[in-house]
Amino acid sequence: MQVPAAFQYETATSVEHAIELLTRYGPEARVVAGGHSLLPMMKLRLAQPEALIDINGLGELALIRVDGHDLAVGAMVRHAELLASPVVGEHFPILRDAERVIADPLVRNRGTVGGSLCQADPSEDLSAAFSALRAALVVQGPGGRRTIGIREFFLGPYETALTEAELLVEIRVPIRSHASAYRKVERRVGDWAVVAAGAVLEITDGVVTEAGIGLTAVGAPRFVSEQAEDFLRGGRPDDESFAQAGRTAAQECRPTADQRGPVDYKRHLAGELTTRALRVAAARARGQEA
Amino acid sequence: MRITVNVNGEQHTRDVEPRLLLVHFLRDELGLTGTHWGCDTSNCGVCAVWLDGTPVKSCTVLAVMADGHEVRTVEGLAHGTELDPVQQGFIACHGLQCGFCTPGMMMTARWLLDHNADPSEEDIREAISGQMCRCTGYENIVRSIRWAAEHGGGARTADTATEAAPGREEVRA
Ligand SMILES: Cc1cc2nc3c(=O)[nH]c(=O)nc-3n(C[C@H](O)[C@H](O)[C@H](O)COP(=O)(O)OP(=O)(O)OC[C@H]3O[C@@H](n4cnc5c(N)ncnc54)[C@H](O)[C@@H]3O)c2cc1C
Ligand code: FES
Ligand code: FES
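So the sequences go chain by chain: A and B.
In the numbering used here, each residue's number is its place in the first sequence (first place is 1) plus 84.
In the numbering used here, each residue's number is its place in the second sequence (first place is 1) plus 1.
Don't read these hints as lab results, they were simulated from the structure.
From the three backbone atoms N, C-alpha and C, an ideal C-beta is built for every residue, glycine too.
Among the hints, erroneous ones may be present.
Stated by the list, open to error - Quick look at which bits of chain A chain B covers, simulated, 3 or more residues with Cβ under 8 Å: (1) 111-124; (2) 131-145; (3) 188-199.
Okay, chain A solo, but in the shape it has when bound (with noise of 0.2 Å):
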């Protein structure tokens, strides 16, 4: 029976009591929101957090809202509410096309938005996707809010920019016309991501004024494709650029051998599957695929 270390335990108020927590008991504290990475970690001991601070009380956090141009998401929708909702799936297919395929139900049900992305494992799919989609991420700390745009927030694996005491409060992205798709690769259903790629493409008058390219578990730099992206920019949306962009994603990122398969086979999934989201992210800008 694995069991995690013992640690103190405390129930936040509010987002300024979280923060208030954090800063009293120090460096060894953590939050914890839907616990489905963190707990499995500290069963295991590979975490062993002096102190837990629980914000799943802040409904204040777990809202899904248009405000303005921009869809806010809270830290603490849980994965279940992203993929349910409307106003994501019109908008953001990439979000929805994401969460279909993240773990299972039940821990859909109990894993968080905010969760996944500071938990910042280098296999996990809304990263790549958000990533793609260039979200601002709103945190909140002792001295008050701050935004960071989510590829300033990865600083590698495990590892974000949200300083001591810091907490993800909100995750925002402009409501545009854009198109977008999410593919992934896994050995079995519910399971991490061999390789996923999301794809972001806005199309002015059959040009790309702008793409986002996303990949997770291949090791890219900050989850994206920078030299696919710049390629894409400027080009006509069309089968041979995809393609091309496929090759470039595939030669920029860093892959590594593990039981999920091989640096050639992943990398050869990664243009794969790069060409396929611009695929289908094309065919829904047309109006040919929901």
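Assemble the complex: chain A is given as a structure, and chain B with the ligands must be docked to it using the hints.
The following block gives chain B with the ligands in isolation, referenced to the frame of chain A:
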């Protein structure tokens, strides 16, 4: 830490360590051994119970996180002496072999039918996709849940359904 959890409609107060997992609280503290426990990786789903009306893996929830909340376990599935249609379906269609995964499967099935009275085979497979049957009895489990749907299983919503995620709202542009 002193916690009070409503389990199957009854309040239970206990002093527990914060590191106690909900599955162990149910089994060891309350003696409700219908909820099983089969892995340390949050993968098998045999520990599925409802927390505030939603199925979760109780091996990945701390008992202290359930303080002041509602839990429903397989022991709370029958209606007095009358078995729930889901339980009847598992009997009628031979949905269990060793029975180890059965309580978790039934809890998820009950939730599915509360939200979708007429689920397709695909809907059922998706709903139980986070739960493993080591006897690999999936075909009969799917049939059992269909049987329940066809035998009044979806009609129980009025007395069993809890609104999912109360207090959540979505503002549309
Ligand atoms: C069986 C299984 C399969 C899975 N498969 C996948 C998969 O295929 N793809 C995938 O992407 N994920 C997968 N996951 C992970 C799942 O999505 C987790 O729920 C998620 O990664 C973490 O969310 P959480 O709310 O549970 O976070 P927690 O475990 O509570 O927290 C994770 C980390 O983030 C920190 N944290 C949480 N919230 C905040 C906040 N608001 N501010 C600051 N720090 C915070 C915590 O301190 C902790 O360090 C799987 C998990 C399991 C158990
Ligand atoms: S015991 Fe909970 S998922 Fe296996
Ligand atoms: S019936 Fe034996 S594990 Fe499912």
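Apply the coverage criterion to the stretch 188-199 of chain A and chain B: a residue qualifies when its Cβ sits closer than 8 Å to a Cβ of the chain, and three qualifying residues are needed. holds (count 6)
If you count the residues of the stretch 131-145 of chain A with a beta-carbon closer than 8 Å to a beta-carbon of chain B, do you get 3 or more? holds (count 4)
Report holds or violated for chain B covering the stretch 111-124 of chain A, Cβ cut-off 8 Å, minimum 3 residues. holds (count 5)
Comparing the model with each numbered hint stated earlier shows that all of them hold.
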